[in-house]
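Trainee: The opening residue of the sequence shown carries number 1 in this note's numbering; numbering runs sequentially from there.
Treat the hints with caution; some may be incorrect.
As the list claims (entries may be wrong) - Simulated restraints, written as ranges between beta carbons of each label pair:
| id | residue 1 | residue 2 | range |
| --- | --- | --- | --- |
| 1 | 33 | 95 | 22 to 30 angstroms |
| 2 | 174 | 84 | 30 to 38 angstroms |
| 3 | 79 | 99 | 16 to 24 angstroms |
The set of hints was computed from the structure by calculation and includes no laboratory data. Here the structure is a predicted model, which is why all the values come from computation and not from measurement. Even glycine gets a Cβ: it sits at the ideal position worked out from N, Cα and C.
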Amino acid sequence: MRNILQLLYWLVLLQGCVTVREQNLTYLNNRTIGTSSLLRTDGYFFSNYRHISDSVTDKSILGFFIFQNGIIKGTANSIYETHERFLASEGGNSEIARNDKTNWGCYIISHDTIKIQRLTITQTSLLGGAIDVIEHRGKILNDTTIYLFETLIKKKRLKADQVYTLRKYSSKPDSTNWLLDNEK
């Protein structure tokens, strides 16, 4: 019994030490609403995965949904083996997916440039962690194609080289999430 009490004491103590530093999405209040003339939103954007240092493209994909309200769902860097796995993970409306802060983001469009912001976990440990803003920058090539060429995280610029193409999908998830809930 004494050992159990000591274990509970240490767990409570450690829980109190755990901190998560969280950044804000600065584009949230300026996100682009009503993108119909620039980007189609009747599906999801995907790219065949190719690591920047590899010349070989495997069959895995990256993907995200874009919504008319300036919100995106999907991480633009989570790798899925197939379109079906992507849709099973990102295409649903589960409570877990709805409340996962790293699963959502927002975007702004200026002329033919798109900037996507989302939260990502950059550091974890037993004593804390950090959720930071990651930003993807790209060019809108046409209403069904986006070229992401740069990623910024913690003031580091990383080269990106991914072309995302729209794939029609009629059963898009609901874009209501913690980002919009917090605006009320």
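Trainee: Give a verdict on every hint.
Mentor: Going through the hints against the structure:
{"no.": "1", "hint": "33 <-> 95: 22 to 30 angstroms", "result": "holds, 25 angstroms"}
{"no.": "2", "hint": "174 <-> 84: 30 to 38 angstroms", "result": "violated, 20 angstroms"}
{"no.": "3", "hint": "79 <-> 99: 16 to 24 angstroms", "result": "holds, 22 angstroms"}
Violation of the numbered hints given earlier is confined to hint 2; every other hint is satisfied by the structure.
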